[in-house]
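K.L.:
Below, each chain spelled out in residue letters.
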Amino acid sequence: MNNRLSGETIDMRFTPTELSKQELELQREVRGFLLEELPPGSHEPCLGMAARKNKEFSLKMADRGWVGMALPTEWGGSDRTAVDRFIVVEEMLRWGAPVGHHWVADRQTGNVILKFGTEEQRERFLPAICRGELGFSIGMSEPDSGSDLASVSTKAEATTGGWIINGTKIWTSGAHENDWFVCLLRTSPLEDGNKHAGLSQFLIDLKSPGLEISPIPFLDGSHHFNEVTFNEVFVPETNVVGDLGMGWHQNTTEMAYERGGPDRWLSPFSTVEQLLREARGTDLEPVVSDLFGELIARWWGIRNLSLSVARLIDTGEAPSVESSLVKEMGTRFEQEVIEKLVHLIDLEYSPDSDSLFERLLAQCVVTFPGNTIRGGTIEILRSVASKGLKGLPA
Amino acid sequence: MSDASEVDTLITDTADRLFSQLCDHESIQKAEADGQASDIWSAFADTGFPWISISEESGGSGGTLLDALEVLRLVGYHAAPIPAAETGILGGWLMSSAGLELPSGIVTVLPNGSQGLAVERTGDRLTISGRGLRVPWARVAETIVVPLEIDGQTFAAAIDSSECQISRMTNMAGEPRDTVDFENVDVFAAVLPSEINLETFRFRGALSRTALMAGAIEKMSQLTVSYTNDRVQFGRPVAKFQAVQQHLVWGAQDAALARMAAESAGREANRGPALFEIAAAKLIANQASARATKACHQAHGAMGMTQEYPLHHLSRRLWSWRKEYGGDAEWSSWLGRVAVAQDADGLYPLITGGSAVLS
Chain X
1 MNNRLSGETI DMRFTPTELS KQELELQREV RGFLLEELPP GSHEPCLGMA ARKNKEFSLK
61 MADRGWVGMA LPTEWGGSDR TAVDRFIVVE EMLRWGAPVG HHWVADRQTG NVILKFGTEE
121 QRERFLPAIC RGELGFSIGM SEPDSGSDLA SVSTKAEATT GGWIINGTKI WTSGAHENDW
181 FVCLLRTSPL EDGNKHAGLS QFLIDLKSPG LEISPIPFLD GSHHFNEVTF NEVFVPETNV
241 VGDLGMGWHQ NTTEMAYERG GPDRWLSPFS TVEQLLREAR GTDLEPVVSD LFGELIARWW
301 GIRNLSLSVA RLIDTGEAPS VESSLVKEMG TRFEQEVIEK LVHLIDLEYS PDSDSLFERL
361 LAQCVVTFPG NTIRGGTIEI LRSVASKGLK GLPA
Chain F
1 MSDASEVDTL ITDTADRLFS QLCDHESIQK AEADGQASDI WSAFADTGFP WISISEESGG
61 SGGTLLDALE VLRLVGYHAA PIPAAETGIL GGWLMSSAGL ELPSGIVTVL PNGSQGLAVE
121 RTGDRLTISG RGLRVPWARV AETIVVPLEI DGQTFAAAID SSECQISRMT NMAGEPRDTV
181 DFENVDVFAA VLPSEINLET FRFRGALSRT ALMAGAIEKM SQLTVSYTND RVQFGRPVAK
241 FQAVQQHLVW GAQDAALARM AAESAGREAN RGPALFEIAA AKLIANQASA RATKACHQAH
301 GAMGMTQEYP LHHLSRRLWS WRKEYGGDAE WSSWLGRVAV AQDADGLYPL ITGGSAVLS
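Going line by line, the protein sequences match chains X and F. Note that the first sequence covers residues 1 to 394 in the working numbering. Note that the second sequence covers residues 1 to 359 in the working numbering.
Please keep in mind that the hints were generated in silico from the structure rather than gathered at the bench. For each residue, glycine too, the CB sits at the ideal point set by N, CA and C. Fair warning: there could be bad hints in the mix.
Taking lysine-lysine pairs in the DSSO-like style, the calculated list, with each CA pair at most 27 Å apart, reads [what the hints assert, rightly or not]:
(1) F/LYS294 x X/LYS390
(2) X/LYS115 x X/LYS387
(3) X/LYS195 x X/LYS387
(4) X/LYS340 x F/LYS294
(5) F/LYS323 x X/LYS340
(6) X/LYS55 x X/LYS195
(7) X/LYS387 x F/LYS294
(8) F/LYS240 x X/LYS390
(9) F/LYS323 x F/LYS30
(10) F/LYS240 x X/LYS195
(11) X/LYS387 x F/LYS240
Some chain F residues close to chain X (C-beta under 7 Å, calculated; not the full set) [to be verified]:
(12) SER5
(13) GLU263
(14) SER264
Please take these sequences and the hints and turn them into a complete structure.
P.N.:
As C-alpha cells, then:
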C-alpha cells in the first residue's frame, strides 16, 4: 500500500508494521534471558544507553548472538535484521541492562567497518565486535567544533607507512575504558565553499603512544566524558576507514544508524516502571494513574514510529529525515516524562535514597538535559529534518 | 478486494481525487455558511463511499474497516464538510449490525448514546423522549441512530428524523452539531450482537475521529512547510530560520505520530478488539492536534488567522474533534486504569502487546 505522507513537499515514510512470529519469539527469548540474568529487584537499572559497562554481560549477550547481530555471518554476526536488533535493544534498555561495553560497536561502528572498511579491517574487528570483546569510543567533537562538526581541526598528516595525528577531541565517552577510537580527522586543509571535504575516518588504538586521556567529570561527579589529546600519535595506513576525504559522507551515513532507535525514547522507562513497582498495593492518586495512561500511549505511538524506521532500514533505505524526526521527538519526550513525574510527585528525592524510584528519578533529573544534546543537538536535528521536509539535501 | 489487512488503493485514490476536485476553499466556506454541502455529499454518496465496510448483503458497499478509515483520513485531510463517519462506520455500522435496513440518505448518531433519553417499552414497541446534544448533521439526516441498553441487551434504535425537532448548533469549525428533541417518538429497534455495546460504540466513535484528525494534522503540516518556504522575510524564506524550523519539525512529527497511531489502531480494530490501541490513538491524536495547531499557526503568522487562508479549515476542525468522543482526560484516565492494573513487570509488555495482552 502507498502509505507515504503524500503531497508536494513532504515525503516521509512511516508505515505501520507488526512483529512476525519469529520476531515475537526473539522477544520472548530476550525477556527470558533478562529474567534469568537480571531478575527484577536484583540490579540497579541503568537509564538507557548511558548504561554501565559490564563486559561479562556483553559476552553473555554475544553468546546468544545479540551483539553485532545484523552483521553478516561470515564476519561473526548473525545476519539478522534491523528489526531483530531493535527488539533486542528495546528489551535491554527497558530492563535497564548494562549494555555500555558493546553499545557503540553494536549500534554503529560495526556497520561503518562493514560498509566502508577494508577486508583486513573487517576480519580484524568485526568478529571481535560480535564476540562482545571490543569497546569503541567516537571522536567527533573538539574544543572548537561541536554542532559545527565540519570545522574539525585535529589533523592527520601523511608519513611513511601511515599518519601522524595532532589535536584534541572532547566529550569522548568511555575513552578511559574502551579499546578503540573511531575518529573524524582533517586530512587536507579546510577549503572555502566546501567545508565537508578533506575529512577522513580513522581507527585508532586508545593505547597508542602519545595519546593522552584525561577525565572531564560529569556534572554529578561521575566519569563518562574525556578529553583525548594527540601528540604526534602514529596511526598505520591500514587504519584509515573508507576513502580519504570521504569522512563527512561516511559520518552522515553512520548517523542514520545512530538516530531514531529505542535508545532515544526509552531512557526514563525504568524509572516509571519502578514507580509502579513501589506503589503496588497503595492507591495511586487519579492524576498519577492518568499520567501512566498518557505515558503508555505516547510510548506506544513513538515505538510504532521507531519500529517502522527499523523496518525501512531493512528494505535498504537510509531514512535520515525520519530518524531525525524520531530522535528529536523521542529525546524531548524523555525529558517531558521526567518533568511530569517531578511535577506530580511531591518528594524531595535524593541520589542516596533507600527508594530505588527516588534514586533513579534524581539521576534522571540531573543527567537528562544531556539527552537532547548527545549525538547531535535537537537544533541540528531540526535543521536536518526541515530541509528533508522540503525535499532538500540535508 | 485485495488482502483484507491492506487498504484498497483503488478506493482511496478515487476518494482523494474526488475530494481534491470538490473541496476547494470556496466550497468549504460555502458549506459552513449554508450549514451543509449537499453537492459534495451527493458526489460522495453516488459512488457508494459512505457505506464502505458495510457488507453488500446489508446494503453497503463492501470493503474493510481499513478502507473506510482511510477514506475518513482523506475526509479530514481535505476538510470535507460531510457526515462520512456518521453515515458509515458509526450509524451505518450500528444499523447493519442489528440487521436494520439502511436508508439511502444520511444517517447520524447520538454521540452520547442514550444519555438524556427516556425509553419506554410496550411489548415490541419502543418510544423515546428527551434530548440529544451535539448531533452531527442531524438537520440533513434521514435517520438518527442511537444504541440503547435495555435489560442487559444493546439495541440499535433508528429514528426517523422528521419526527424530531432539530435546533441548529455548530462546533468550532462550523460543522453541524445540532440539538435534537424527541417526544414519544416511535423507533425501530433491533438487538445488536453481543460485542457491540455502549462502550464499544464510544471507542468506535473515537476511532472515527482519530482517522479524521490524522488527515487534518498531515494537511496542516504540509501547508505549513509550503507556506514558510514561500514566505520571504529578512531576504530569505522564513523556513530557513531555526526558530521557524522548530515549528515545522514539531508539526511534521505530530502528523506522523497521529497517523501512525490512527493506522495502527485501525489495523487492530480491523482484526478484533482494539480498546487499548483506540484509546491510545485518540489520546495521541488529541494531544498531537493541540501541539500541531499551535506550531502551525505560529509559523503562519497573521496569515493563518484569516478566513481567506485555509489553515483554519483544519485547525478549527481539530480543536472540535479533539473534544468529540473523549477528550484527553477521558482517555488518559481509561488508559491509566489499564496500566496501573498491570503489575510493574507487565507495563512494558502492555506497550508492545496492546489489546492482545488484555484479552
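K.L.:
Confirm or reject each hint.
P.N.:
Outcome of the hint check:
1. Of the supplied pair hints, the one linking F/LYS294 and X/LYS390 holds, its CA atoms being roughly 20 Å apart against a limit of 27 Å.
2. Taken as a hint, the X/LYS115 and X/LYS387 pair is honoured in the structure, with Cα atoms around 26 Å apart against an allowance of 27 Å.
3. At roughly 18 Å between alpha-carbon atoms, X/LYS195 and X/LYS387 fall within 27 Å of each other, so this suggested pair holds.
4. Between X/LYS340 and F/LYS294, the direct Cα distance comes to roughly 21 Å. Compliance with the 27 Å bound is thereby established for this hinted pair.
5. This hinted pair checks out: F/LYS323 and X/LYS340 have alpha carbons roughly 23 Å apart, not beyond 27 Å.
6. Between X/LYS55 and X/LYS195, the direct Cα distance comes to roughly 39 Å. Violation of the 27 Å bound is thereby established for this hinted pair.
7. Annotation: proposed proximity of X/LYS387 to F/LYS294 holds, straight-line Cα distance about 21 Å (limit 27 Å).
8. For the proposed pair F/LYS240 and X/LYS390, the alpha carbon gap of about 11 Å is at most 27 Å, so the pair holds.
9. With a C-alpha separation of about 24 Å, the suggested pairing of F/LYS323 with F/LYS30 holds against the 27 Å cut-off.
10. Proposed proximity of F/LYS240 and X/LYS195 is supported: the alpha carbons are some 20 Å apart, at most 27 Å.
11. Between X/LYS387 and F/LYS240, the direct Cα distance comes to roughly 9 Å. Compliance with the 27 Å bound is thereby established for this hinted pair.
12. Violation of the interface hint for F/SER5 is found here, the shortest Cβ-Cβ separation to chain X being roughly 9 Å, above the 7 Å cut-off.
13. A cut of 7 Å between beta carbons decides the hint on F/GLU263: the least distance to chain X is about 5 Å, and the hint holds.
14. With its C-beta approaching chain X no nearer than about 5 Å, F/SER264 sits inside the 7 Å limit, and its interface hint holds.
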